[in-house]
Amino acid sequence: MMKIFYEDNHIIVVEKKPNQPTQEDASNDYDLLSEVRDYIKVTYNKPGNVFVGLVHRLDRPVGGVMVFAKTSKAASRLSDQVRTHKLDKIYTAVIQGALEPQTLRDYMLKNRKTNMSRVVSKNTPEAKYAELVILNSFYNAEHNLSTVNVSLITGRSHQIRVQFSSRNHPLWGDARYNPQAKAGQQIALWATTLTFDHPTTKERMTFESHTPDRYPFTL
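The numbering of the sequence shown is the working numbering, which starts it at 168 and goes up by one.
Any given hint could be a false lead.
Said to hold, decoys possible - Derived lysine-lysine pairs resembling DSSO-like cross-links, with alpha carbons at most 27 Å apart: (1) K289 to K277; (2) K280 to K208; (3) K184 to K280; (4) K170 to K280; (5) K184 to K253; (6) K349 to K369; (7) K280 to K253; (8) K280 to K349; (9) K369 to K170; (10) K277 to K349; (11) K295 to K277; (12) K170 to K277; (13) K184 to K289; (14) K213 to K253; (15) K240 to K213; (16) K289 to K253; (17) K170 to K184.
As the list claims (entries may be wrong) - Have a look at the derived ranges for each label pair, beta carbon to beta carbon: (18) F305 to K208: 50 to 56 Å; (19) P214 to K240: 18 to 24 Å; (20) A308 to P214: 57 to 63 Å; (21) K289 to P346: 23 to 29 Å; (22) P185 to S318: 40 to 46 Å.
Worth flagging that the hints you see were computed from the coordinates, not collected in a lab.
Since the model is a prediction, treat every value here as computed from it, not as a measurement.
Glycine included, every Cβ here is placed at the ideal spot set by N, Cα and C.
Please put together the full structure from these sequences, using the hints given.
Structural data, given as structure tokens:
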């Protein structure tokens with residue numbers, strides 16, 4: 168059952184489940200975009216194709232709050248907010264080791280064959296600027312893990328995972344970028360807060376999704 172935080176004629180705000188694709192991919196697993204579309208189609212008995220606008224994404228293993236547009240006008244206006252950094256996203260992550268609150272600035276390059284990204288020098292062809300802010304950090308010495316809240320300024324592929332990993336503070340359970348991750352672990356990254364202007368009323372809206380009640384979020 169899909170968790171819905173808010174819905175009106177223009178937008179729908181929902182919680183993405185971990186390991187669910189945001190949109191259709193090669194796995195053919197049931198993706199969130201299709202789930203939202205099917206929900207609208209059934210709930211409102213809409214015939215034919217139902218419009219749902221995808222304006223931002225979460226990596227497949229990551230869960231948390233997302234907004235979808237129900238009209239093309241809403242999609243356009245929300246996409247503009249993404250481009251102008253008015254759609255604010257805060258994540259909760261658990262990383263290895265201790266890292267103080269700070270701003271991380273890098274250039275990143277994505278390998279489309281492997282679907283992995285890495286930090287590169289500024290002058291690397293096709294490199295894109297990546298920035299995030301560590302708002303706070305709570306270190307657990309017994310487990311040598313820190314719970315951090317991260318404000319994502321840019322939205323590069325695997326950005327949070329790569330920027331922390333490049334500093335030898337990879338995310339707990341990240342099978343792609345943490346060599347110490349064990350089979351069966353679920354990455355400790357969650358989209359906890361989403362803030363944006365409503366596309367028609369212009370009201371500033373904030374929605375929160377709580378981290379799962381499981382280790383290591385419970386530290």
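Hints, verified against the model:
1. Of the pairs offered as hints, the one joining K289 and K277 holds, with about 14 Å between alpha carbons and a cut-off of 27 Å not exceeded.
2. Pair hint K280 plus K208 does not hold up; C-alpha atoms about 35 Å apart against a cutoff of 27 Å.
3. For the suggested pair K184 and K280, the alpha carbons sit about 26 Å apart, so the restraint of at most 27 Å is met.
4. Straight-line distance between C-alpha atoms of K170 and K280 comes to about 34 Å, which puts the hinted pair past the 27 Å bound.
5. Between the alpha carbons of K184 and K253 the distance comes to roughly 25 Å, so the proposed pair stays at or under 27 Å and holds.
6. Our distance criterion of 27 Å between C-alpha atoms is broken by K349 and K369, whose separation comes to about 45 Å.
7. For the suggested pair K280 and K253, the alpha carbons sit about 32 Å apart, so the restraint of at most 27 Å is broken.
8. As the CA atoms of K280 and K349 are separated by approximately 24 Å, the hinted pair is consistent with the 27 Å bound.
9. For the hint pairing K369 with K170, the CA-to-CA distance comes to about 24 Å; that is within 27 Å, so the pair holds.
10. The suggested pairing of K277 with K349 holds, with an alpha-carbon distance near 24 Å, which does not exceed 27 Å.
11. This hinted pair checks out: K295 and K277 have alpha carbons roughly 9 Å apart, not beyond 27 Å.
12. This hinted pair does not check out: K170 and K277 have alpha carbons roughly 32 Å apart, beyond 27 Å.
13. Distance check on the hinted pair: K184 and K289 sit about 35 Å apart at the alpha-carbon level, beyond 27 Å; violated.
14. Distance hint between K213 and K253 is unfulfilled; the C-alpha atoms sit about 32 Å from each other, more than 27 Å.
15. Between K240 and K213, the direct Cα distance comes to roughly 19 Å. Compliance with the 27 Å bound is thereby established for this hinted pair.
16. For the hint linking K289 to K253, the alpha-carbon distance of about 25 Å falls within 27 Å, and the restraint holds.
17. Under the criterion of a C-alpha separation no larger than 27 Å, the hint pairing K170 with K184 is consistent with the structure, at around 9 Å.
18. Checked against the hint of 50 to 56 Å, the C-beta distance between F305 and K208 comes to roughly 43 Å, which is inconsistent with it.
19. The hinted window of 18 to 24 Å between P214 and K240 holds, with their beta carbons roughly 21 Å apart.
20. Take A308 and P214: their Cβ atoms lie about 59 Å apart, and the range 57 to 63 Å holds.
21. One distance hint, 23 to 29 Å for the beta-carbon pair K289 and P346, holds here, with the actual separation near 26 Å.
22. At roughly 21 Å, the beta-carbon separation of P185 and S318 lies outside the given 40 to 46 Å, and the hint is violated.
Hint violations for this structure: numbers 2, 4, 6, 7, 12, 13, 14, 18, 22, all remaining hints satisfied.
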